[in-house]
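Trainee: Start from the sequences, fold in the hints, and give me the full structure.
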Amino acid sequence: MDCERVGVLHGPARALAEVSLSLAPGEHVLLCGPAGSGKTTLLKVLAGLLRPTSGAVRWDGEDVAHLDEAGRRRRQASLGMVFQTDALFDSRTVLENVLLPLHNRGVGREEARARAEAALEAVGLLQAARMRPEALSGGMRKRAGIARALVVAPEVLFADDPLAGQDPATARALCELLDRQAAGRTLVVSSPEPPPVLTIQRWWVVDGGRLVHDGPPAPALIGVEEGT
Amino acid sequence: MSAVLAALGRGTLAAARAAGQSALVLGRTLRAAPRMNRRELLRAFGHFGWESLGICLWVAVVIGVMVVVQSGLYANRFGARMALGWASGFAVTWEFGPLLLGVVLAARVGARNAAELAVLKAGGQLEGLSGISLDPYPVLLAPRWVAITASTGMLASVTLLVAVCMEVVSAWASLGVPPRVFTGSMADALGWQDVLGGTTKALFFGAAVATVSTAVGLRASGGARGVGLAAASAVVRSSFAIFGLDLLLTPVLAAGLSR
Chain H
0 MDCERVGVLH
10 GPARALAEVS
20 LSLAPGEHVL
30 LCGPAGSGKT
40 TLLKVLAGLL
50 RPTSGAVRWD
60 GEDVAHLDEA
70 GRRRRQASLG
80 MVFQTDALFD
90 SRTVLENVLL
100 PLHNRGVGRE
110 EARARAEAAL
120 EAVGLLQAAR
130 MRPEALSGGM
140 RKRAGIARAL
150 VVAPEVLFAD
160 DPLAGQDPAT
170 ARALCELLDR
180 QAAGRTLVVS
190 SPEPPPVLTI
200 QRWWVVDGGR
210 LVHDGPPAPA
220 LIGVEEGT
Chain A
0 MSAVLAALGR
10 GTLAAARAAG
20 QSALVLGRTL
30 RAAPRMNRRE
40 LLRAFGHFGW
50 ESLGICLWVA
60 VVIGVMVVVQ
70 SGLYANRFGA
80 RMALGWASGF
90 AVTWEFGPLL
100 LGVVLAARVG
110 ARNAAELAVL
120 KAGGQLEGLS
130 GISLDPYPVL
140 LAPRWVAITA
150 STGMLASVTL
160 LVAVCMEVVS
170 AWASLGVPPR
180 VFTGSMADAL
190 GWQDVLGGTT
200 KALFFGAAVA
210 TVSTAVGLRA
220 SGGARGVGLA
230 AASAVVRSSF
240 AIFGLDLLLT
250 PVLAAGLSR
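For the protein sequence lines, the chains are H and A, in the order given.
Its first residue numbered 0, the first sequence is counted upward by one per residue in numbering that gives the first Met the number 0.
Its first residue numbered 0, the second sequence is counted upward by one per residue in numbering that gives the first Met the number 0.
It is possible that part of the hints are untrue.
Claimed, not checked - Derived contacts from chain H toward chain A, CB cut-off under 7 Å, selection only: (1) L48; (2) R72; (3) Q75; (4) M80; (5) F82; (6) T84; (7) A86; (8) F88; (9) P100.
Worth flagging that the hints you see were computed from the coordinates, not collected in a lab.
C-beta: ideal position from N, C-alpha, C; glycine also.
Mentor: Written out as structure tokens, the structure is:
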């Protein structure tokens, strides 16, 4: 997956400018920067949820920025996305939410159920399968969101600020969960600061819509002391 | 003068944009309908159809009584009590029934659909569907559209039947017209075409409410204010669409069904 001189305009405001980067299979990347720096926009562009105003986004050499809806969905089938707002449907049970990504994928009912239950078990939420998301705590909702992303066995997992609004203990537990589930997968996590525990090999730091660092962890760049 | 023309131009552009958005939503919904999620369809039928039955029955009672009381004034003045049955039956099946039902459902179902979609959009759930490579149309939007449209047709049948029954009771209670005379006059002049015409109009009104409220909900932005605006806008635009369709459909259906 790579981006070449990607730019995004939100009305007159420039959300991303001239961002070029590449992502190799199995890499674990932290996308960080201050609030409003363009982290979520870049993550959405990489995941194919947002069409860039300029530049190219390639998955296996195919420019996804110019694919039609059906082509984009076909490519997205190998991706999992954990949203900042968890994006769960309160009108459905946790199990139904996790089953959603398997809709129209040719997965049989029994197999879909087994996969959804396995994903819920992996995040420790099997006992809450029949509950509605509105009855869950913030941390449990995040875990349900992670289970929904995992149920399709994605090759690439994107997580948009998964620790937002979580207390330190829940944040640590979520990081351990993400770390376990990201083994053998490509992972891109956006967060304003380095998450605890998570194994990260590479940092992308964005500021003002520009990529200002692409390389090994550099805590000093975002005002965090080494080792924290 | 130029300010008036500019305002007129802006209004025309806004109306054209809204019509275009609704047409796109309708096209994508109809294309997705064969693949729609059946469980969501059942849920939507309960949500928009079954839960609207009570208010539709109230509308039926009000229409039945109102039409007979108002027509009765003229029937008494011109000594045309024998014609009260067909006149009020015609008014309810062709005009008042479908129109009032459409407007009431625009307020109840249209506002609810638009507000819910606006909340789902603000909460990221609609984007979330795209994030798990799902098209929101077959999963969420087409079931709602089909349920709202079909429910309106079904509710119209019940509403028209109850409204006519209320007319019979109301004519007997307020004007002393015997039910046999009233229904006889109605049966002489009204046929299945009239009931079919009214129900078909209601079906189109339901489709208009479903299309407009979905388009408005999908375009909503912002938080509570955006949701409120979407609900209000769905009611206003759906009502305009209903009045416009009423104007077009009445002569077309009347000509088609009288052949």
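Trainee: All hints are to be evaluated individually against the structure, with a verdict given for each.
Mentor: Going down the list of hints, with the structure as the test:
no.	hint	verdict
1	L48	holds, 6 Å
2	R72	holds, 5 Å
3	Q75	holds, 4 Å
4	M80	holds, 4 Å
5	F82	holds, 5 Å
6	T84	holds, 4 Å
7	A86	holds, 3 Å
8	F88	holds, 6 Å
9	P100	holds, 4 Å
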